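K.L.:
Residue numbers (this note's numbering), protein chains in the order written: chain A, 6 to 259; chain B, 675 to 1013.
Read the hints as simulated data drawn from the structure, not as lab findings.
Computed from a predicted structure; not experimentally measured.
We put the CB at the ideal spot given by N, CA and C, even for glycine.
All the pointers check out, no bait thrown in.
PhoX-like mimics (lysine-lysine), calculated; alpha carbons at most 25 Å apart, straight line:
#, chain 1, residue 1, chain 2, residue 2
1, A, Lys33, A, Lys70
2, A, Lys239, A, Lys217
3, B, Lys888, A, Lys70
4, A, Lys33, A, Lys200
5, A, Lys201, A, Lys239
6, A, Lys127, B, Lys888
7, B, Lys888, A, Lys75
8, A, Lys75, A, Lys33
9, A, Lys75, A, Lys20
To be clear about the criterion: a stretch of chain B counts as covered by chain A if any three or more of its residues have a C-beta under 8 Å from a C-beta of chain A, and this derived list gives those stretches:
#, region
10, 860-866
11, 879-891
Chain by chain, the residues:
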Amino acid sequence: MSYLELRAVSKLFGKLAALQDINLQVNKGDIMGIVGPNGSGKTTLINVISGYYRPTRGTVLYDGKTISGKRPDQIAARGIARTFQSNVHFEGASVVESVMVSSYLQYRTRSWQAFFETRAYKDEHEAVVGRVLELLRMLDLFNDTFMPAEGLSHGYQRMLGIAIAMAANPRVLLLDEPTTGMNHEEAMFVVENIKKISEQGVTVILIEHNMKVLLNLATRVVVLNFGNKIAEGKPEEVMNNQEVIDAYLGTETE
Amino acid sequence: MRYIDYKTVLPRTVAGALVSLIVILPVFTTNMITLSIFISSGIWAVAAMGFTLILRTGQFSLGQAAFMAIGGYTSAIFTVNLGWSFWPSFLLAGMVSGIIALIVGSIVLRVGGTYFSIITLALSEVVRIIAQQWESVTRGTRGLITSPPSPIAIGGFEINFYASAVPYFYLTVMLVAVTAVVFWQIGRSRIGGTFYSIAANPILAEHQGIPLMKYRVIAFTVAGVFTGLAGSLYAHSLTVMTPYMLGLWQSIQIMIMSVVGGVGSLAGGPIIGSIVLYTFGIYLSRVEIYGIQQLLFGGVVVLALLFLPKGTGLIDLWDRFWRKVVWREEEYEPDTPDD
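Start from the sequences, fold in the hints, and give me the full structure.
P.N.:
As structure tokens, then:
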């Protein structure tokens, strides 16, 4: 049985179908790539899984349970974290502060324990700080630990986005174009890190335009076009699929 | 030897000395008017702290005076109509106000933002109208005449609330101190970070698994409890509770005190803001032109917002005074990224 499953999911905005009867199965440990031209519904798909949008029809199942219709924080609490297509941050916070406040789900102690600073809370807090610093080191943000988050360069802001999502302790990570606006080396650095994250047992779903990244990384690729799934399979197979090439490059007219 | 950072220790020592000066004020003077200025400032300070706590979660409450009114009426009704003594009524006032904040908050905070402000605004009118119309209990516009707490005898020493304002003064100081410590601890603990994150970026915070409603309701309820206690103290120190004492203007006054004092600090800012503005208001009330008080009050707010950037408020002047006047530090210009 698949880990994350979309059953006939549709999302309509008025009469416009951003997603149309999408069926998708993601297995545990997969790195699933989602590709498609602009406006094909990739981000909508992630918004539906993460609970930002409610699907108009269909259900999203995670670990055998329905998660569609739940609030984003409930879905995040079950272990699905996401990044955003734009660079988002907590206004005014430094890098380490952003990741610390994002570590909300790592705490098991209650709010009153945090208020009274009980022993259990202090121990847990220390462990969380350790994990956060480890995360910053892994994502090459360690030198900018106390920098204001909005002062980072674009590439590092993308890394911070991944760090923030990873701070939620996810078992499924949804990455919305993690390598936009990056040069080849930076993109390859992100690829290395996604591999590391995947090795930690996290299932990854990523939206990506960069074919090199996908060929390098993805175990399976899904192609969307105008809200429909037009192909699915291994990256090499999908790249040579005529329908996919048509969707990306257009068809020849005679 | 442990290194002592005199640049943080000295301002704190001076601030501590100033606070202790206020606390031992009755040693120098037992003048009713001087003390009552501080009593009222303290009561408003508690309400302003409540407002600041709600603002920490990104919500702008325009009905904080309603919770003072709820607290004030609760303890007035229980002492006058039911003959309870002051102390249990005082605690009950906090509880009732907190419960109402919890109920109202769990309904109203769902909408959030501007709608929340509008609904809290309406709440303060609703409370006023109920107080005015429910004459069998609240005596309508005639108001309830409350009495100070009965004297407490500890050994041979008697604390008499009728004889002087000193016991009220210390009761207020205690309430302000407890509120300040609780709010300060909330602000510096994990809960404060969570509050900040849901104000700074609610969408991102929600995707990190932070339940927005839960923390908004917590802030609103905690603020409600302490504001209710302040309201009870207000009603008893003024010995009267009428529907017009706590209305829209008072809610706005609470907001102004918090913003001018500085919303960056949960305890210090509101306390400074309410002492300064309340004292200022007392002097303004001597000017015998109708409505001039609100006008000048507004002028002060505009000046504060113009010259004290981004909600740093009066409390920031304290830091600036030490950095610029005492240490004569150069202005630090952080490198701005070119984007």
